[in-house]
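Using the sequences and the hints, build the whole thing.
So in numbering that gives the first Met the number 0, spot 301 of the first sequence is number 300, and the numbers just go up one at a time.
If you're looking for bench data, these hints aren't it; they were derived computationally from the structure.
Remember, predicted model here, so these are calculated numbers, not experimental data.
Please note: incorrect hints may appear among the correct ones.
What the hints assert, rightly or not - In silico DSSO-like links for lysine-lysine, alpha-carbon gap of 30 Å or less:
no., residue 1, residue 2
1, Lys21, Lys112
2, Lys72, Lys312
3, Lys312, Lys459
4, Lys312, Lys153
5, Lys454, Lys429
6, Lys184, Lys312
7, Lys9, Lys265
8, Lys187, Lys153
9, Lys112, Lys268
Stated by the list, open to error - Restraint-style ranges between C-beta atoms, simulated for each label pair:
no., residue 1, residue 2, range
10, Ser146, Arg298, 30 to 36 Å
11, Ala173, Glu306, 46 to 52 Å
12, Trp431, Glu345, 35 to 41 Å
13, Asp71, Asn272, 18 to 24 Å
The C-beta atom is built at its ideal place from N, Cα and C for all residues, glycine as well.
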Amino acid sequence: MLQIHNSLTKKKEVFTPIEPGKVKLYVCGMTVYDLCHVGHARVMVVFDVVTRYLRASGYDVTYIRNITDIDDKIIARANENGESIQSLTERFIAEMHQDADAMGVVRPDQEPKATESMADIIAMIETLIEKGFAYAADNGDVYYDVSEFDGYGKLSGRNIEELRSGERVAVNEAKNDPLDFVLWKAAKPEEPAWDSPWGNGRPGWHIECSAMSATCLGEHFDIHGGGQDLQFPHHENEIAQSEGAHGCQSVNYWMHNGFVRIDDEKMSKSLGNFFTVREVLAQYSPEVVRYFILTSHYRSPLNYSDESLEQAKSALTRYYTALRDIEATQDVVWQNDEEFGPRFQEAMDDDFNTALALSVMADVRQALNKAREQSNEQASYFAGLLQSFGDVLGLFQQAAEAFLLGGQDDDESAKVEALIQARNTARAEKDWAKADQVRDELNAMGIVLEDNAGKTTWRKA
RNA sequence: GGCUGCGUGGCAGAGUGGUCAUGCAGCGGACUGCAACUCCGUUAACGCCGGUUCGAUUCCGACCGCAGCCUCCA
0 MLQIHNSLTK
10 KKEVFTPIEP
20 GKVKLYVCGM
30 TVYDLCHVGH
40 ARVMVVFDVV
50 TRYLRASGYD
60 VTYIRNITDI
70 DDKIIARANE
80 NGESIQSLTE
90 RFIAEMHQDA
100 DAMGVVRPDQ
110 EPKATESMAD
120 IIAMIETLIE
130 KGFAYAADNG
140 DVYYDVSEFD
150 GYGKLSGRNI
160 EELRSGERVA
170 VNEAKNDPLD
180 FVLWKAAKPE
190 EPAWDSPWGN
200 GRPGWHIECS
210 AMSATCLGEH
220 FDIHGGGQDL
230 QFPHHENEIA
240 QSEGAHGCQS
250 VNYWMHNGFV
260 RIDDEKMSKS
270 LGNFFTVREV
280 LAQYSPEVVR
290 YFILTSHYRS
300 PLNYSDESLE
310 QAKSALTRYY
320 TALRDIEATQ
330 DVVWQNDEEF
340 GPRFQEAMDD
350 DFNTALALSV
360 MADVRQALNK
370 AREQSNEQAS
380 YFAGLLQSFG
390 DVLGLFQQAA
400 EAFLLGGQDD
410 DESAKVEALI
420 QARNTARAEK
430 DWAKADQVRD
440 ELNAMGIVLE
450 DNAGKTTWRK
460 A
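Here it is, written out as structure tokens:
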């Protein structure tokens, strides 16, 4: 029975979908003005695995991940670059897709964009004004009146008094209350703007998600996810907006993933201590990055370091080594495996405990390696089982050879093969000095040899 | 200052009131011409101080340390 830690109640709860057999999932996506960094990669991978596991568990999942394609940073960046906003956002949407695809992240069912949701956004603001939750200020902005919403603070565990005492925002004259947040921003000269009942302007960040989630999934849906930093104020404000406008609970389960850190500090754009996905993928295979992300529980902090990536690489190499040169039994269904299936399921059912699930897979790998010596059939079965588990976590999605040989071109491969041939000739003649010399040469090229059962295979170090 | 959360062996990282995590690395052994791979075995941990308990790393409390949010952020 699947249990999910709900940030709203701060407890693990049994997951019960609103509609039996169906899951409606919304995740806050990127603001597209720059390349994805490892923190973004974590969100994508985490909710990719959530989606994969829900589907593997038999749910019909509708997965929505929005794109914020209009905001202050986008406008500022476009101006800096001297390019149009549309050209900037289209470019970075393409870059994001490239990174996500590289990491094997399954595309969401829909990726709504803020700029294409204006009618819904404006209609929702109108509703909020009608119901008394929002007001138009003299300067053309529209604000949400926080004091009108009883549950304000319930997600982030705060109340309005606490928020007031911790107030660090410069007071904005147009607001009735410093805690009120903007739903619609009046356009400044030279800024892109949309027509609205309150004059030309553009939406505030929070209202976009409330409008898009309702449009794509309805007023009440199952799971809403995102990074921990969105809990306040973004998700708190979403609740105020959605529940204010619709008069019903908007989300049953809130899921927040932990941060990626560097040297025990949050990786973020503002601190400038981030690595882009592009940079990391130049050095490590995408599945190594994915494996690294899955070694810790999604809610824990994840410290990024070369050492951790190297460990992930070594571990994944062992899996691919086990899968190499063996024909995996097709269509093995892990749920049917009586030994490992229940252990894997128990791990994943426990709030998506991927670290524990990986330990089950390590046992399967060992079983595979042992079976190899005795029974090909058994070994093939375990290989198939490993593949089946891998499909849930998005691992082992490439051929073992492709992973282990890692982007060798044909010329290089031919050269390696020739050297191996030469070494094996020397070995046959018991010319160990020569054989070792050739092996050293290969090692220097970053090639590791493995002599198995009369056959020499190689891989990249 | 307020509110969260965390502190596990050399590193990464699960978990549990009494018995094995797992991975990376290390050590010993088997295999190998030697290595690598693989297998077998193995060392080692639960921030600090109290309390509850027959027994606590696990529950409770204080303390120390770290991180996050309270402003844009995945």
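Results of checking the hints against the structure:
A distance of roughly 24 Å separates the Cα atoms of Lys21 and Lys112; the hinted pair therefore holds under the 30 Å criterion. At roughly 36 Å between alpha-carbon atoms, Lys72 and Lys312 are farther apart than 30 Å, so this suggested pair is violated. A C-alpha spacing of about 11 Å is found between Lys312 and Lys459, which places the hinted pair at or below 30 Å, so the restraint holds. Between Lys312 and Lys153 the CA atoms are separated by roughly 41 Å; this puts the pair beyond 30 Å, and the hint is violated.
Proposed proximity of Lys454 and Lys429 is supported: the alpha carbons are some 16 Å apart, at most 30 Å. Between Lys184 and Lys312 the alpha-carbon distance is near 47 Å, which puts this suggested pair outside the 30 Å criterion. Our distance criterion of 30 Å between C-alpha atoms is met by Lys9 and Lys265, whose separation comes to about 22 Å. Proximity of Lys187 to Lys153 is assessed by CA-CA distance (about 34 Å); at most 30 Å being required, the pair is judged violated.
Distance check on the hinted pair: Lys112 and Lys268 sit about 22 Å apart at the alpha-carbon level, within 30 Å; holds. The hinted range of 30 to 36 Å is satisfied by Ser146 and Arg298, whose Cβ atoms lie roughly 32 Å apart. For the hinted restraint 46 to 52 Å between Ala173 and Glu306, the CB-CB distance of approximately 51 Å keeps it satisfied. The given range of 35 to 41 Å is broken by Trp431 and Glu345, whose C-beta atoms sit roughly 51 Å from each other.
The hinted window of 18 to 24 Å between Asp71 and Asn272 holds, with their beta carbons roughly 22 Å apart.
Taken one by one, the earlier hints fail for this structure at numbers 2, 4, 6, 8, 12, listed in ascending order.
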